[in-house]
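Protein chains in written order, with the working numbering: chain L, 3 to 1012; chain H, 14 to 427; chain U, 442 to 554; chain X, 2 to 198.
Treat the hints as calculated values from the structure; they're not laboratory data. Warning: the hint list may mix true and false statements.
What the hints assert, rightly or not - Chain U stretches covered by chain L per the calculated footprint, using a threshold of three residues with CB under 8 Å from any CB of chain L: (1) 487 to 497; (2) 514 to 524.
Stated by the list, open to error - DSSO-like cross-link-like pairs, simulated, lysine-lysine; straight-line CA separation at most 27 Å: (3) 16/H x 109/L; (4) 546/U x 945/L; (5) 4/X x 168/L; (6) 547/U x 363/H; (7) 496/L x 518/L; (8) 66/H x 243/H; (9) 870/L x 977/L; (10) 16/H x 130/L; (11) 363/H x 913/L; (12) 398/L x 437/L; (13) 524/U x 437/L; (14) 300/H x 243/H; (15) 243/H x 279/H; (16) 300/H x 66/H; (17) 66/H x 130/L; (18) 109/L x 230/H; (19) 279/H x 155/L; (20) 78/H x 145/L; (21) 1005/L x 949/L; (22) 168/L x 378/L; (23) 109/L x 145/L; (24) 230/H x 534/U; (25) 546/U x 285/L; (26) 279/H x 121/L; (27) 155/L x 145/L; (28) 444/L x 121/L; (29) 279/H x 437/L; (30) 243/H x 145/L; (31) 285/L x 388/L; (32) 121/L x 16/H; (33) 56/X x 168/L.
Stated by the list, open to error - Residues from chain L shown here face chain H by an in silico Cβ test under 8 Å; the list is partial: (34) 117; (35) 124; (36) 517; (37) 524; (38) 525; (39) 633; (40) 636.
Cβ coordinates follow ideal geometry from the N, Cα and C atoms, glycine included.
Residues per chain, in single letters:
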Amino acid sequence: MSQSYRLSDKGRLDRSQKLTFTYDGQSYTGYRGDTLASALLANGVKLVGRSFKYHRPRGIMSAGSEEPNALVQLETGPRTEPNTRATVVDLYDGLTAASQNCWPSVKFDVQSVNQKIAKLFPAGFYYKTFMFPASWWTPVYEKIIRRAAGLGKSPMERDPDSYAQKFAFCDVLVVGGGPAGIAAALAAGRTGARVILADEQQEMGGALLSDDALIDGQPALDWVAKSLAELARLEEVTILPRTTVSGYYDYNYLTALERVTDHLGPQADDRIPRQRFWKIRAKKVVLAQGAIERPLVFADNDRPGIMLAAALRTYINRYGVLPGRQVVVFTNNDSAYKTAIDAHTAGAVVDIVDLRVDPTGPLVKQAEALMIRIHKGSAVVATFGKHAVTGCEIAKISADGKSLTSDTTFIGCDILANSNGWNPSVHLWSQARGKLTWDAEKNCFIPGHAGPWLPVAAGSGTGTYDLGNCLSQGFAQGAAAAQAAGFGSGEVPKTPETEPLVEGPERMVWTIPGKKPLGHGKAKHFHDHQNDVVASDIHLAAREGYLSVEHLKRYTTTGMGTDQGKTSNVNALAIMAEIRNAAIPEVGTTTFRPPYTPITFGAVTGQNRNHLFIQERTSAMHPAHVENGAVFEDVGDWKRPWYFPKTSKSGVTETMDEAVLRECRQVRETVGMLDASTLGKIDIQGKDAAEFLNWVYTNKWDTLKPGRARYGLMLNEHGMVFDDGVTTRLADDHFHMTTTTGGAARVLGWLENWSQTEWPQMEVYMTSVTEQWAVCTITGPNARALLADVTSMPLDPETFPFMAMQEGTVAGAPARVYRISFTGDLAYEINVPARYGLHVWRALQDAGKSHGLCLYGTETMHVLRAEKGFIIVGQDTDGTVTPMDLDMDWIVSKKKDDFLGRRSFYRTDTKREGRKQLVGLLTDNPNFVLPEGAHIVEDVKPKPPMKTLGHVTSSYYSPNVGRSIALALVADGIKRKGDTLSVPLMNGHVEKVTLTDTVFFDKEGARSNG
Amino acid sequence: MKKYSIFAIARNARTHHENWERAWRSPDPKPHYDVVIIGGGGHGLATAYYLAKECGITNVAVIEKGWLGGGNTGRNTTIVRSNYLWDESAALYDHAVRLWEGLSDELNYNVMFSQRGLLHLAHNVHDMQEIGRRGNSIYMNGIDSEFLSPEQVKEMVPIINLNCRYPVMGGLLQRRGGTARHDAVAWGYARAADAMGVDIIQNCEVTGFKIEGGVVKGVETTRGSIGAGKVGVVAAGHSSVVAEMAGFRMPLESFPLQAFVSEPMKPIVDCVIMSNAIHAYISQSDKGELVIGGSGDPYISYSQRGSFDQIEHVVGPVLELYPIFSRVRMLRQWGGITDVTVDRSPIMTKTPVENMFFNCGWGTGGFKATPGSGHVFAHSIAKGEMHPVAAPFSMDRFHTGALIDEAAAAAVAH
Amino acid sequence: MFLVKCPWCGWRDQTEFSYGGEAHIARPLEPGQISDQEWGDYIYTRTNTKGIHAERWVHTQACGRWFNALRHTVTDVMWDSYKMGEDAPTPPKDWDGLTCCDDHKKLAEGAKK
Amino acid sequence: MAKASSLYPGVTIETPLSGKDPIQADGVTITELPFLGKVTLRGNAADPAFAAAVKSVLGADLPTQPLSSLRVGNIRVFWKAFDEWLIWTNEDAQIQLITDLNAALSGIRKSVVDVSDYYTVLRVDGARSRDLLAKGCVVDLHPRSFKPGQATGTGFHHATIFITLADADTFDVMIRWSFADYLWAYLADGAREWAPA
């Protein structure tokens, strides 16, 4: 059976390109220009999926992105995609798709038993049961529910395709490439304005693609082609087919998803991004998205073969598919007559079932002239067919539309097209904070008061269905938008000739009566096909008091499917309005939330993945670190050498502990070198620089002599330590500040904030110079000898004392050498402009060979500083610690009346006794290394809860002290030095610890001079 | 209140579900109530419920300017946990978790509290120190807490990419943590409170207060004045606005927080996974949607929406940790207004106005605390003194400096 | 992503800026002389206005300068920005937070024509 | 790329992109402009003494229009903020310039800082340069809104960049040393779709 439902003489297909595809394991053919849905229908495939809750057989309901039913699992392996709407998949050769949410097969689905007991699954049933026994919820009930729910399956492999983002700017963005949108783009484009025209379909033309309308006496599609050709010639116009504008955000910022290669399938050129995510900033926006047809809510209106009237017409005219032989068109309006007429002309036997007792209008006349049977004042009240519709029963209905007034008549049919009128697509209008107005004549919401960014709407999206009016609206809005953006005179192009649309009024029957009262019997009146929400669910929600539209939505899940209720929301509102016997606008509308249609996470992320996810910042010496086999630590975005494991001749590589022990010993025995380039560095200049530092540090800076350095603590206004570092006075009005690696940006921001906003009168300028300077820190007894080999600077302690700086050359490169120490040993921090960093590092490495130089990383740095009780902000402090808590009163100036944070010291809680304070800890077992984060208690209980006194902030094995050492924040710790406390661990072990001073090594500080 | 059960459903099925009673009445406001609760979200309704259930105060009104649970209750990512750093927080949040554990039963309304486990990932040394400290602190408070190795993380979350930009070094697991059905919490409390006589009044906005000699006497609303013996304000993002009506300011700022869900899929993520270093957290709802959130926008706003770049900053990390979701689609995004304090801990407090109590500042973490917050707040209002669990969270901590800084340990220099 | 008006660089994408909280909160001149309560209010208490909010921004990624701005916190529309030390501009009494100062200027010019 | 220093014999110098070959794609090329001298100048343009002193060194008035810049011989001066300018010179020429500025400005409120190695500069050239930069740049680079000589700081995903249109389709993009590799990789990845097959 090959495309036996294909019409030979219709459709916009390239029949020269025959495409083969597979659905549920069976192979079919279609043509370039088909969607998966049209190709399936051409091959007579109607049953394509199972519904969410009842697992009822479902088919193709629409021909567009509003599709609630025909969701398939597209492709397999790394490129598989769940919940893909068959109606928007452009067919390509080799396409593979499968039905989802059914097992073992779509034809025989075990869970379709749910239909039998559907009575037990009214809206919100799960809130009322599965409560006994309570312990069963997660392991039993919920497991079952989770398995049953969920539609398609997630991919299980990494996505092989690439994605891109594009920041675009334009004067006029036109959303929608139908007649109104094309007209708007023409009017705007001709003014020279920058215009973007985006449409979600594979080709522009919108409704005209399914229609036989004339423009200026010629086929409308000729006009479309002519217009697109003109637009293509306009340099500043960008035409984006297959591009869905998904979100409308503040200040005319709109997002759009362009499907660049999806229609080519996996064979596409892998250099080209699969999808491009546009982030568009527009001066003006014209919304011309068209309208979506509403289904009628009648008994068992969900069988495969039951579809929207306009969709059937699209399949016939655009895709050359007549998916059935016997067609029933069930309608409340004239527009569906076009479908009936086209189906009739295409060779189908057609019955029209019209709710209206006395439909008028030319289309009705035309249908009558064609001898199409029209059943007036009638409704479809039942449908039949297991896997596809085979027939329906119709009956006359009462004037109030609530009951049947005749016996039912059976009509055989394999397609049941229906129309309940139209909903303009107002999603983006609403996303842009625009109000919606209920048009009582057209029975739909139309754009009302515009949101702040004043978009304009044109075409059927405003409830205007006459082609001429759509065109003239488009031209007018396009010209006006361009003018508002500063282009053109606002002159509106002349609208071409079209045939005026004459239609009779609709008849609204929001719930079509069935043979039994609503909710009785087996029949179901679906309004949300995907989530299986039926009219009686709305009645139940109302009955139970879930009256607000949001409660209705959340209680029944109506409109919460992957289609976001494009076909169901208004029907649901209207039914609720009837029940409450209120006007529809009183019931309200739920907020339309982005995206308009679902967008792939991959596209949103674009290139920001894998190696481009977050930058890896490295110093100028990084190549050397790699050569030296460093293992790196992530510190913020920086990659810093963590330790340098050695590999023995026999090929055995040191563990982290082994490497760190060796590095720790060797630094204190001979000399070690650390890359300290990542520390934040700030150049501070101006005559008030010293006074400024007096404000931002706790100690005094005006007394510091040029060429000398000082350590400082920085507090926030809460009085808590938030950064520290050594700052050097280069000249009276010039300082070089260092900060923590992670704190660099925060500190600069903090300084700029105060100098710009609070003390603008102070003459001080800050400039970040972090990367300007590469820093090699050499420390250890041999540091002076090593440095002497590569510099001619005087290094004797008298001319170059501790906490001093001098300039000169090191290894031939210009350098600033700071004699400051974070290890307690003799140390030099050699700063050179980054371009020289690698050269100087290598020179020192070479020279170091004769001095027993050892490279060390951040872990050894941490151990060595802990041996000396030097804090790490962020490890030994946590934003709740004052200088006094750190036993660092000495750094808090008593001479200054004020500095940032000072006042907070005097708050009752900050000055109270018993605050947590930094102390040293020595374990009873000298070889036991406490886990960092372990808690300290007075007395141990058999099991928690236990009152804790504080926690271990730093803990290491120190080869130089010859035992484990730790720092901890302990309540009243400073007073309690000497006390013995306990550290109960989560594994049950309890370690006794003694509170000590924080300095474990070289207490008298003899080593800093080498 | 007619009991909900499978039998009730079967019984009602026979009558085509036409005899279900209303879950709660919609009464007109009475002239006077012993207690008026401002704010019909989870916390407000829970407060009313416990006032009626445990404090014998049933002459209570909950007034809500919109629809029940329309604020952050209906806009959060439904995560429940109690693995907090400080003792005060642990006491409060674990009190809540213990109430969660019996809540469906207590309310005879299935709130679908699902203890599927909540996992915090550590991506660097600083993270490891942070979870090390928090894990131990939680353990010392008698709350369940386990450290996982990267291998154990992989076992629990097979789809995770351990070796991402910031390789996963370990995890902190609270098995008692999980998720719950957010709307059901509001509806369950409303139904149960209503059954005890509490008036739930929707579409009723507060416009001012009647305050005499520093004592609150009543509430002015869009549905007239309502006398009140005591007033409890549980207005989340709008707390500052309500406080202004009462004549004082709060140490609060209201920030947008966004979240989004994917299309529904068959079960793939079984627990809740949070990541500090790369701000993103993810779980999968019973419907099959991935529920994803991250950090909030940096500016104050009442617009109930945020900027799209915040969404991007969450999707990126999600794909870094779970690359297989690249072709999965975002279905729906939304935003809420979170009332944030400087120490990221809530405020439960007396106010400068006598008999007026505030419960706010829950920031991004309010949902998980709903039962505990309502419970201790109800007792505080009834007694006129803050409940011991609530006491540390009173407003004066911003003057004494006794903050409960849950923000501190996580985000600091290194 | 709304736009922020830098007094020097003009309307630019919000992502280029950093938010600095409520504007016009001066640091007490003599912290020693005020109560814990007053000091606490200075550090922690904020107006958190629903409506027209005077706030601070800094153009982090471009000129790096701090400035003040008026923004409607219900719509996130910025009315106008002003340099540190300058007086706040005054939006029209009836400003609903739906248009910015430059739109108003345009309208006014339009009216003249 | 790595090379010998012209100032310090025997010393090799590097840039963050040392060893990277230019990227050639259809319609766009990316190259590094290594070792440009770069100086940050701060001061009060409204102070005649400051303005005169700077002019005496640069031989031109400082640009005071936001986003503007000027060229004097081999020097390019960019407005960075109302009280801040960025100066680009030939390799190593910044050293003399800094000396001269400090001398001319002594006693006047100012700050002169060598940032030559804090940043490097990428040149993005060709008919597709705008398409490539649009993959991350939040500023509108269309010829109508960003003209030759204009310059501004802005964002490029996780990086902060300073971008100027040298002329026609030639953009110079300044980036911090530790972000240069990221930006380079990003642009290289972005240019893939125009790379030779």
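Violated hints - listed by number, lowest first: 1, 3, 4, 5, 6, 7, 12, 13, 14, 15, 16, 18, 20, 21, 22, 24, 28, 29, 30, 31, 33, 34, 36, 37, 38 and 39
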